[in-house]
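Student: Residues per chain are reported as follows:
Number of protein chains: 2
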Amino acid sequence: MAYPRRVQELIEDFTRLPGIGPRQAARFVYALLAKDESFLASFAGHLGSLKTETMLCRSCFRITEQRPDQTCEICSASSRNTDKILVVEKDTDVENFEKSGVFSGVYHVLGGSISTLEKNSAEKLHMRELFERVKSLAAKNEQVEIIIATSNNLEGNQTATYIERILEPLTVSVTRLGRGLSTGSEIEYADPMTLEQALQNRK
Amino acid sequence: MAYPRRVQELIEDFTRLPGIGPRQAARFVYALLAKDESFLASFAGHLGSLKTETMLCRSCFRITEQRPDQTCEICSASSRNTDKILVVEKDTDVENFEKSGVFSGVYHVLGGSISTLEKNSAEKLHMRELFERVKSLAAKNEQVEIIIATSNNLEGNQTATYIERILEPLTVSVTRLGRGLSTGSEIEYADPMTLEQALQNRK
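Top to bottom, those sequences are chains A and B.
Counting in my numbering, the first sequence runs from 724 upward without gaps.
Counting in my numbering, the second sequence runs from 724 upward without gaps.
Check the hints yourself; a few may be wrong.
Said to hold, decoys possible - Straight-line Cα separation of at most 35 angstroms, DSBU-like style, residue types lysine-lysine; simulated pairs: (1) B:Lys-926 <-> A:Lys-758; (2) B:Lys-807 <-> B:Lys-822; (3) A:Lys-822 <-> B:Lys-822; (4) B:Lys-758 <-> A:Lys-858; (5) B:Lys-847 <-> A:Lys-774.
It should be emphasised that the hints constitute simulated quantities derived from the structure, not laboratory data.
Computed from a predicted model, the values in this text were never measured in an experiment.
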């Protein structure tokens with residue numbers, strides 16, 4: 724026996740979400756069948772208009788609401804220091820920095836990291852736009868600072884090295900986030916790489 | 724900073740699915756933003772018409788496609804023995820029996836189990852319909868057999884006892900699925916309850 728056709732179709736839709744297998748997808752669909760028709764209609768409406776109601780900020784490439792100037796609320800806020808650019812892999816990284824409130828500059832969202840397995844993965848990232856943005860900023864100002872905040876793993880570090888290389892011809896300050904022990908981490912459970920980085924970055 | 728409005732709304736929709744928290748919901752939404760517009764439109768269409776394109780089988784209360792006779796393909800198949808009714812909690816339980824191919828009768832989906840915490844939870848289940856169904860079947864035939872296949876936990880066993888009680892006045896055979904060691908289970912790791920049931924049901 725197969726699931727009813729519409730149930731089966733929705734199960735397949737849900738399995739295209741990250742980390743969702745057929746069993747959990749089926750649980751989702753049966754849970755939805757128990758919900759109000761109005762909830763389903765509103766959920767469907769939100770899904771269908773997700774892309775038409777959002778856009779990429781033309782300055783930092785974050786996903787943002789549709790705005791007339793095509794620039795997100797961070798890039799257009801007068802309170803932010805536009806000469807300090809924090810380069811991140813994903814939108815949710817911006818979210819995390821903003822929640823912590825530790826950064827008052829602006830962002831540049833790459834849209835991922837350079838993959839070791841995938842050929843030309845750098846071309847899918849907003850690297851050229853980063854270069855152009857930094858170049859035109861550096862032409863107007865000497866105080867430009869780029870902080871690379873990619874993940875501390877193979878792909879993240881490769882990406883950081885790539886960025887350092889392409890920004891080298893421009894006379895701007897390029898730094899990476901400090902590496903070492905995270906808050907709350909115990910020496911006993913720290914991995915060798917973290918210990919090595921913590922030793923190197925001692926002060 | 725908040726997420727863009729439409730992103731936030733969709734995150735809230737996804738957190739209404741079982742086991743999904745805000746972080747995973749955000750991952751879903753950003754993954755969807757990377758998909759084609761056409762996939763989103765079709766996903767939204769499937770969601771919006773989920774309830775209008777399905778119905779409850781008027782005989783067994785499984786969710787099924789819309790069919791003119793309002794009866795699912797199992798209940799209306801001439802190859803099935805309609806005098807043997809397997810009573811289960813959920814649609815996915817039917818799915819599992821059908822996949823194993825070990826049962827040639829028909830089903831009755833209760834729509835859940837009797838909860839110890841929730842008052843009158845039995846009233847939300849298709850109990851009355853089970854009684855009426857068995858009663859009218861028993862009037863025509865002496866060979867009716869009801870097999871209770873609820874979960875082997877507190878709620879499932881309570882539900883089974885409740886069913887046995889309401890079907891008692893009818894002269895039909897009512898059995899429960901055997902309890903004991905599952906295929907592949909090792910004595911070393913079996914819980915005391917399973918061992919006790921395996922001992923009682925030895926043959």
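Student: Each hint needs a verdict: does it hold in this structure or not?
Tutor: Now for the hints, and whether the structure bears them out:
{"no.": "1", "hint": "B:Lys-926 <-> A:Lys-758", "result": "violated, 46 angstroms"}
{"no.": "2", "hint": "B:Lys-807 <-> B:Lys-822", "result": "holds, 18 angstroms"}
{"no.": "3", "hint": "A:Lys-822 <-> B:Lys-822", "result": "violated, 48 angstroms"}
{"no.": "4", "hint": "B:Lys-758 <-> A:Lys-858", "result": "holds, 31 angstroms"}
{"no.": "5", "hint": "B:Lys-847 <-> A:Lys-774", "result": "violated, 39 angstroms"}
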